[in-house]
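Start from the sequences, fold in the hints, and give me the full structure.
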Amino acid sequence: MNRWVYLFSEGSKEQRDLLGGKGANLAEMTKLGLPVPTGFTVTTEACLHYLNHGNQLIAEMKEQVMTAVEKLSLKTGKRFNDLENPLLVSVRSGSKFSMPGMMDTVLNLGLNDQTVVALASNSQNERFAYDCYRRLLQMFGNVVMGLDNNEFENRITALKKVNGLNFDNELTADHWKQIVSEYKEIYRKQLKREFPQDPIEQLYLAIEAVFGSWNNQRAKTYRRLHDISDDLGTAVNIQEMVFGNFGDSSGTGVVFSRNPSLGDPGLFGEYLINAQGEDVVAGVRTPKPIQVLADELPEQFQQLKEICENLEKHYHDMQDVEFTIEREKLFILQTRSGKRTSKAALKILLDFYNEGIIDENELVNRIEAKDLEAALHPNFDADSLKKRVSFLSGLAASPGAATGAVYFTAEAATEAKARGEQVILVREETSPEDIEGIAVSEAVITSRGGMTSHAAVVARGMGICSVVGCERLDVSETEKRATVAGETIEEGTILSVDGSTGKIYFGEIPMEEVTNTVALDDLHAIWDRHARIKVRANAETPKDIQTGMALGAVGIGLARTEHMFFEKSRLLKFRQLILADSLDERLAVLKELKAVQKQDFKFMYEAAQGKATTIRLLDPPLHEFLPKGADECREVAKDLGKTFNEVKRKTDNLAEVNPMLGFRGLRLGVAYPEIYQMQAEAIIEAACEVTQENDFVIQPEIMIPFTIDAQEFARVRSAIETAIQASLEKQQLVLAYQIGTMIEIPRACFVAEEIAEYADFFSFGTNDLTQMALGLSRDDSPRIITQYLDSGIFADDPFQVLDEAGVGALMKLAIEGGRKTNPQLKIGICGEAAAHPKSIAFLKDLGIDYISCSPFRIPQAKMTLAQAALKM
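Residue numbers (the UniProt record's numbering): 1 to 872.
Take the hints with a grain of salt, since some may be wrong.
As the list claims (entries may be wrong) - Restricting the straight-line Cα-Cα distance to at most 27 Å, the calculated cross-link-like pairs of lysine-lysine (BS3-like) are: (1) K812 / K534; (2) K31 / K313; (3) K370 / K838; (4) K160 / K288; (5) K387 / K370; (6) K628 / K638; (7) K13 / K220; (8) K417 / K329; (9) K648 / K573; (10) K370 / K62; (11) K602 / K543; (12) K71 / K329; (13) K62 / K13; (14) K13 / K329; (15) K503 / K534; (16) K75 / K329; (17) K177 / K192; (18) K628 / K650; (19) K417 / K503; (20) K611 / K598; (21) K71 / K31; (22) K189 / K160; (23) K871 / K13; (24) K648 / K370; (25) K838 / K826; (26) K871 / K844; (27) K370 / K534; (28) K480 / K503; (29) K602 / K591; (30) K534 / K871; (31) K648 / K628; (32) K386 / K543; (33) K313 / K370; (34) K602 / K730; (35) K543 / K594; (36) K13 / K71; (37) K812 / K844; (38) K611 / K543; (39) K13 / K313; (40) K543 / K573.
By construction, these hints were calculated from the structure, which means they are not laboratory data.
Okay, here's the thing in structure tokens:
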């Protein structure tokens with residue numbers, strides 16, 4: 001016989017696959033002796049069997065559920081349908097991975113027309129009993145029977161309006177009796193049947209509804225967005241009800257063991273007096289900060305604080321805890337790893353490490369790439385922000401800054417995003433059905449709800465800027481507008497949202513980039529202790545170099561000198577060089593360019609502060625520099641003092657059918673050695689001057705691009721060294737330097753053993769090597785790549801993840817050949833694919849000395865390298 005049901009006392013935290021995250025944690029907390037209401041879990045295997053076998057609860061499952069109910073009755077002293085002491089339970093979903101709000105819950109199950117009377121008598125609180133009954137009718141109707149929740153909410157709204165009341169907790173017992181009567185009429189009218197009075201029938205239907213909710217659209221969307229498998233299923237947790245709506249000595253809340261936005265230690269959360277848990281997460285009432293509980297119920301607050309601290313130590317993670325206080329008795333309903341912002345995630349892990357909760361290896365392995373990337377998100381420019389006045393503020397639920405056009409529904413937001421717009425989703429409050437709209441938005445704003453409302457929790461988990469609880473904001477989703485203090489916000493209005501302060505502004509505010517955080521400063525030293533491969537930056541401007549250094553680069557792995565000529569006046573000089581008709585004309589231009597290049601290199605060295613600097617000589621695909629069209633030819637002719645026909649003729653002569661495979665790189669050095677000689681002299685002279693002016697030594701690494709043959713490389717190297725030695729002798733200086741090559745053509749990989757006789761280092765250019773190995777242009781291939789990914793031909797985009805079977809094999813061949821000739825040959829790799837975690841897992845075994853990537857990819861690369869080293 002298969003086992004489909006486990007009591008909480010029979011499970012453990014290791015059984016997440018079987019019991020789901022919630023069930024496993026409830027079992028674990030029960031083992032720890034925490035005040036957990038008793039209950040049992042119907043397993044994920046039962047869910048998958050149900051979904052795969054006609055959506056039927058088989059007799060064996062029902063039998064085990066009834067056995068567990070009987071054990072629950074014996075432990076609690078309560079029974080279904082008992083008119084003296086009725087058993088009421090909650091029915092909640094719980095998959096292996098937390099999916100807040102994505103699946104369904106039913107509370108107060110077991111109530112009917114008779115047991116509600118018994119509950120009123122036992123509690124001596126008729127209002128409480130009928131409030132519970134109307135909640136069951138509403139949740140059961142919506143979750144199990146598929147009725148529109150607005151059908152129920154509208155009745156409460158109308159009743160409050162008639163009686164001049166503002167909040168649900170102001171309604172009396174008679175009011176709730178009236179609502180119960182109206183809700184039952186909804187069942188009769190909409191479903192043509194009565195609300196089921198048998199608690200067992202209620203339970204089976206609720207279990208089936210939770211199983212079925214695994215495949216609802218919002219759950220599917222959430223799984224797709226968070227890369228969660230559809231094959232896991234959800235468990236169902238049946239648990240004795242405890243009541244936070246038992247009067248002013250009762251309450252319910254959600255608390256994080258640390259601040260989920262900033263990572264600061266100490267309880268962070270909210271609670272409501274005289275309420276049930278769904279009231280907090282749904283945002284139907286504005287809750288109180290958890291610190292207020294210390295004044296209202298100090299004993300329970302202290303107990304909650306100690307439990308959260310112990311749970312952190314037990315799970316080695318920040319916890320998200322749901323609790324209920326029933327007549328001054330604290331119960332823990334759930335604990336799970338808390339959703340947090342990326343900056344908070346980094347701080348919390350570092351604090352755990354410093355507090356001794358986790359060791360260094362666990363710290364390294366638990367940092368996620370998405371947190372590092374999100375920690376570098378832009379903020380508003382500080383000077384621009386000072387000049388602006390916010391028109392609205394709310395709770396700063398998820399930090400960051402964003403600008404976009406306002407839309408009031410998830411559907412409209414999704415459509416706007418598809419049109420290429422930046423979107424701000426504005427809602428009265430979000431619900432799980434809004435998940436698609438939230439996912440495409442730059443920021444989320446709500447007029448209701450608190451820091452643990454749906455909008456706040458989901459936005460934080462996705463790293464999306466969010467401001468909630470903007471109580472002055474009146475949102476009309478049907479009219480596609482919102483108003484605040486006489487101002488109207490129409491669909492399409494541009495807003496800027498500061499999720500760190502909770503302030504909202506009209507119009508666009510410029511952004512500034514944050515290049516580092518305290519957490520990253522602390523992490524660099526830890527990563528460097530473990531990673532065997534170093535990380536350099538692809539950068540040539542002082543700003544990019546400084547950014548790379550701030551983000552942990554050990555040097556510059558690729559400075560592209562052709563990028564230094566895109567500015568208009570420099571572009572003109574470079575055009576003059578390539579359009580020159582004689583050596584003398586070229587040398588005259590090169591003399592001017594040398595002074596410019598030399599200054600560039602000095603700035604570069606000073607920004608790098610003595611760290612390794614690899615400068616790639618010119619690799620200009622001519623189409624990027626030649627005049628385009630007759631008008632541009634005329635303009636260039638005028639600027640250079642040449643005739644239109646001269647410029648047009650030379651441009652036509654230099655034009656190439658496929659410039660990416662044409663006259664570029666080393667071929668330029670073979671045809672015009674004076675160009676590379678000029679650059680080499682500028683590199684060396686700048687290094688000498690910076691070394692003399694500072695207390696650090698520059699050792700330039702000169703990289704020759706696009707090599708295909710050893711003799712080709714040797715010829716150009718000889719010309720370069722002739723110029724370098726002449727320059728050093730003239731200045732009576734001695735300077736160490738290296739000359740290497742970029743391996744980016746397949747043939748170079750096959751003859752690497754020969755090239756290594758003349759090269760001091762290799763640096764693989766994975767972008768071009770991938771293009772030529774696959775015969776795909778990175779600029780023209782997206783449609784092809786997408787088709788191959790969709791059809792399963794490719795598992796990954798080869799321009800994002802290194803192609804191990806093809807490009808990787810070529811690299812391995814080149815490394816083995818190069819090191820055979822020169823065992824000390826330094827090996828680097830440049831290109832964005834090098835920094836991808838899947839690529840690093842492959843590269844760590846190739847004997848690579850360093851990888852080089854764009855500055856903002858450096859922290860992720862360092863982290864992944866350290867993680868890879870720990871797995872070796």
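Taking the hints in turn, this is what the structure says about them:
For a cut-off of 27 Å, the pair hint linking K812 to K534 stands: about 19 Å separates their Cα positions. Annotation: proposed proximity of K31 to K313 holds, straight-line Cα distance about 15 Å (limit 27 Å). Between K370 and K838 the CA atoms are separated by roughly 14 Å; this keeps the pair inside 27 Å, and the hint holds. Distance restraint check for K160 and K288: the Cα-Cα separation of roughly 22 Å lies within the 27 Å cut-off, and the hinted pair is therefore satisfied.
This hinted pair does not check out: K387 and K370 have alpha carbons roughly 33 Å apart, beyond 27 Å. With a C-alpha separation of about 15 Å, the suggested pair K628 and K638 falls inside the 27 Å cut-off, and the hint holds. At roughly 25 Å between alpha-carbon atoms, K13 and K220 fall within 27 Å of each other, so this suggested pair holds. The suggested pairing of K417 with K329 is violated, with an alpha-carbon distance near 48 Å, which exceeds 27 Å.
For the hint linking K648 to K573, the alpha-carbon distance of about 17 Å falls within 27 Å, and the restraint holds. A threshold of 27 Å between alpha carbons decides the hint, and for K370 with K62 the separation of about 43 Å lies outside it, so the pair is violated. The suggested pairing of K602 with K543 holds, with an alpha-carbon distance near 14 Å, which does not exceed 27 Å. Simply put, K71 and K329 have alpha-carbon atoms about 23 Å apart, close enough for the 27 Å limit, and the pair holds.
With a C-alpha separation of about 25 Å, the suggested pair K62 and K13 falls inside the 27 Å cut-off, and the hint holds. A distance of roughly 25 Å separates the Cα atoms of K13 and K329; the hinted pair therefore holds under the 27 Å criterion. As the CA atoms of K503 and K534 are separated by approximately 41 Å, the hinted pair breaks the 27 Å bound. A distance of roughly 18 Å separates the Cα atoms of K75 and K329; the hinted pair therefore holds under the 27 Å criterion.
Only pairs whose Cα atoms come within 27 Å are accepted, and K177 paired with K192 is accepted, the gap being roughly 21 Å. The straight-line distance between the Cα atoms of K628 and K650 is roughly 12 Å, inside the 27 Å bound, and the hint therefore holds. Proximity of K417 to K503 is assessed by CA-CA distance (about 23 Å); at most 27 Å being required, the pair is judged to hold. About 18 Å separates the Cα atoms of K611 and K598, which keeps this hinted pair within 27 Å; it holds.
In summary, the hint linking K71 to K31 is supported, as the alpha carbons are separated by about 17 Å, within the 27 Å threshold. With a C-alpha separation of about 23 Å, the suggested pair K189 and K160 falls inside the 27 Å cut-off, and the hint holds. For the hint pairing K871 with K13, the CA-to-CA distance comes to about 24 Å; that is within 27 Å, so the pair holds. For the hint linking K648 to K370, the alpha-carbon distance of about 50 Å lies beyond 27 Å, and the restraint is violated.
A distance of roughly 23 Å separates the Cα atoms of K838 and K826; the hinted pair therefore holds under the 27 Å criterion. The suggested pairing of K871 with K844 holds, with an alpha-carbon distance near 11 Å, which does not exceed 27 Å. This hinted pair checks out: K370 and K534 have alpha carbons roughly 21 Å apart, not beyond 27 Å. As the CA atoms of K480 and K503 are separated by approximately 22 Å, the hinted pair is consistent with the 27 Å bound.
A threshold of 27 Å between alpha carbons decides the hint, and for K602 with K591 the separation of about 17 Å falls inside it, so the pair holds. At most 27 Å may separate the alpha-carbon atoms for a hinted pair to count; K534 and K871 meet this at roughly 17 Å. With a C-alpha separation of about 10 Å, the suggested pairing of K648 with K628 holds against the 27 Å cut-off. The straight-line distance between the Cα atoms of K386 and K543 is roughly 24 Å, inside the 27 Å bound, and the hint therefore holds.
At roughly 25 Å between alpha-carbon atoms, K313 and K370 fall within 27 Å of each other, so this suggested pair holds. With a C-alpha separation of about 19 Å, the suggested pairing of K602 with K730 holds against the 27 Å cut-off. A threshold of 27 Å between alpha carbons decides the hint, and for K543 with K594 the separation of about 22 Å falls inside it, so the pair holds. For a cut-off of 27 Å, the pair hint linking K13 to K71 stands: about 22 Å separates their Cα positions.
Of the pairs offered as hints, the one joining K812 and K844 holds, with about 12 Å between alpha carbons and a cut-off of 27 Å not exceeded. Proposed proximity of K611 and K543 is supported: the alpha carbons are some 15 Å apart, at most 27 Å. With a C-alpha separation of about 14 Å, the suggested pairing of K13 with K313 holds against the 27 Å cut-off. Only pairs whose Cα atoms come within 27 Å are accepted, and K543 paired with K573 is accepted, the gap being roughly 24 Å.
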